[in-house]
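**Student:** Below, each chain spelled out in residue letters.
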Amino acid sequence: MKFLPAKFFLLILSCFVAQQSSSQSENEARRSGIKSSTTTISNADSDPKKRTTSRVFDKKGRELEVCEQFSSQKECYRSEYSRKGLLTKEHFFVNDSLQFSLHYSYSGSGRPLKKIRVGHAGDSVLVEETHWNAWGDKSEELQFDKTGQLKKKIIYLYNKRGLLISRKTEDGNGRLIQEKSVDYEFH
Amino acid sequence: MNFIRQLFLLACILGFNENLHCQFQDAGLWMNLNVEKKLTENLSLQLNQFVRLDENCSEIGTWGSEVGFNRLITKKSKFAVMYRLMGRRRNDLSYSFRHRFFADISRQSQWLGMTFQARVRWQMQYRDVNSSLNGWNYAEKYIRTLFFASKRITYHWSAFAMAELFSPVLIAGKTSFAPDRTMRYVGLNFRHNRHSEIILYYLINRPVYGINPRTDCITGIRWDLTL
Numbered sequence: 037m038k039f040l041p042a043k044f045f046l047l048i049l050s051c052f053v054a055q056q057s058s059s060q061s062e063n064e065a066r067r068s069g070i071k072s073s074t075t076t077i078s079n080a081d082s083d084p085k086k087r088t089t090s091r092v093f094d095k096k097g098r099e100l101e102v103c104e105q106f107s108s109q110k111e112c113y114r115s116e117y118s119r120k121g122l123l124t125k126e127h128f129f130v131n132d133s134l135q136f137s138l139h140y141s142y143s144g145s146g147r148p149l150k151k152i153r154v155g156h157a158g159d160s161v162l163v164e165e166t167h168w169n170a171w172g173d174k175s176e177e178l179q180f181d182k183t184g185q186l187k188k189k190i191i192y193l194y195n196k197r198g199l200l201i202s203r204k205t206e207d208g209n210g211r212l213i214q215e216k217s218v219d220y221e222f223h
Numbered sequence: 138m139n140f141i142r143q144l145f146l147l148a149c150i151l152g153f154n155e156n157l158h159c160q161f162q163d164a165g166l167w168m169n170l171n172v173e174k175k176l177t178e179n180l181s182l183q184l185n186q187f188v189r190l191d192e193n194c195s196e197i198g199t200w201g202s203e204v205g206f207n208r209l210i211t212k213k214s215k216f217a218v219m220y221r222l223m224g225r226r227r228n229d230l231s232y233s234f235r236h237r238f239f240a241d242i243s244r245q246s247q248w249l250g251m252t253f254q255a256r257v258r259w260q261m262q263y264r265d266v267n268s269s270l271n272g273w274n275y276a277e278k279y280i281r282t283l284f285f286a287s288k289r290i291t292y293h294w295s296a297f298a299m300a301e302l303f304s305p306v307l308i309a310g311k312t313s314f315a316p317d318r319t320m321r322y323v324g325l326n327f328r329h330n331r332h333s334e335i336i337l338y339y340l341i342n343r344p345v346y347g348i349n350p351r352t353d354c355i356t357g358i359r360w361d362l363t364l
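Chains as they are written, first to last, in the working numbering: chain P, 37 to 223; chain U, 138 to 364.
In case anyone wonders, no lab produced these hints; they're calculated from the structure.
Small disclaimer: the values here were computed from a predicted structure and weren't measured.
From the three backbone atoms N, C-alpha and C, an ideal C-beta is built for every residue, glycine too.
Since no wrong hints were added, every one of them can be taken at face value.
Each pair of labels, with its calculated beta carbon distance range:
| # | chain 1 | residue 1 | chain 2 | residue 2 | range |
| --- | --- | --- | --- | --- | --- |
| 1 | P | Asp181 | U | Gly250 | 43 to 49 angstroms |
| 2 | P | Glu101 | U | Phe284 | 47 to 53 angstroms |
| 3 | U | Lys174 | P | Lys110 | 52 to 58 angstroms |
| 4 | U | Phe216 | P | Val218 | 31 to 37 angstroms |
| 5 | P | Leu123 | U | Ala300 | 39 to 45 angstroms |
| 6 | P | Lys95 | U | Lys278 | 45 to 51 angstroms |
| 7 | U | Arg351 | P | Leu200 | 48 to 54 angstroms |
| 8 | U | Val345 | P | Gly146 | 39 to 45 angstroms |
Given only the sequences and the hints, what does the whole structure look like? Please build it.
**Tutor:** Structure (structure tokens):
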């Protein structure tokens with residue numbers, strides 16, 4: 037029992053340190069004027085391998101490039117943004133060779149609509165599609181596999197106050213996988 | 138929080154107190170039914186019907202219909218274009234028909250838990266088309282500026298106050314931007330859900346100029362339906 041507070045303290049401390057060592061948030065990068073950062077993790081004891089993560093930010097604090105280096109392999113993704121600041125494209129590279137890109141499209145009010153995977157040969161596959169109702173609530177989310185077949189469908193239902201009452205997840209064949217429902221009591 | 142609520146209610150009561158000054162007035166009752174169909178998240182079609190009783194709520198002074206579109210420009214700004222056909226009772230109990238076109242631009246903001254809105258309306262009205270010399274040849278033009286403040290008390294209830302200034306751009310052949318009429322409202326808004334709202338208000342409609350200007354003290358009820 038004596039060790040419990042000490043363990044708890046250590047847990048909190050490790051969470052705090054972990055939080056500090058994680059990547060910068062968009063706000064932090066903008067506020068602090070960070071242009072790029074490099075994080076290196078090396079374990080001296082058991083694993084001599086070193087992992088390096090480098091990030092490049094623009095003036096608004098958005099990530100432009102994230103690269104991870106494991107021994108001889110380097111994986112990067114580069115991001116592009118629209119004038120409104122919405123993520124429009126992500127390009128994935130392995131050792132500076134383009135593997136695939138993700139293209140994002142949005143509605144006029146900035147809600148995500150489609151995510152399309154474009155291969156290095158130019159082949160494109162719809163990965164995700166989101167539908168919104170006229171009130172601006174998410175009504176349906178469709179996820180597709182690499183061949184373009186429907187993998188998962190999530191249906192959202194709302195009550196007359198606009199509160200989420202049901203979230204149904206179905207597989208590609210329409211079989212129910214999970215249902216989450218919310219009941220409300222009002223004053 | 139309670140203090141702000143009490144302060145707002147006090148302001149509403151003071152607004153009603155204006156009634157004491159209504160010595161040369163008419164009592165009226167305005168009834169509106171507004172139906173809005175959301176076509177997309179940013180665009181909606183609006184259909185409004187209204188009847189206004191005057192002469193101490195004994196006669197239909199004005200009736201009319203409006204149709205138009207609302208467009209959200211940003212999350213806080215809105216643009217609307219509307220057409221209104223209305224009939225206004227003449228002294229001989231016939232009705233003078235008017236065609237009104239107007240465009241609104243409004244912006245809303247939140248501050249101290251209250252909602253504030255400013256709206257500018259440009260309107261153009263033709264009267265007695267085909268029954269007078271003016272007809273489509275002459276338009277009365279106004280700029281109407283509205284300031285609105287509301288405080289949500291519970292999910293269902295909110296209280297509001299607003300003031301509207303009527304500035305003639307072109308009326309009776311004269312151009313002047315000085316306000317010639319004001320409308321001041323206080324009221325309560327009952328929101329049943331996001332599809333239906335009932336608004337009860339009290340309104341003072343008063344000309345700015347003139348000796349003993351005729352002041353109308355009006356009670357109003359409006360039902361807003363959003364589909």
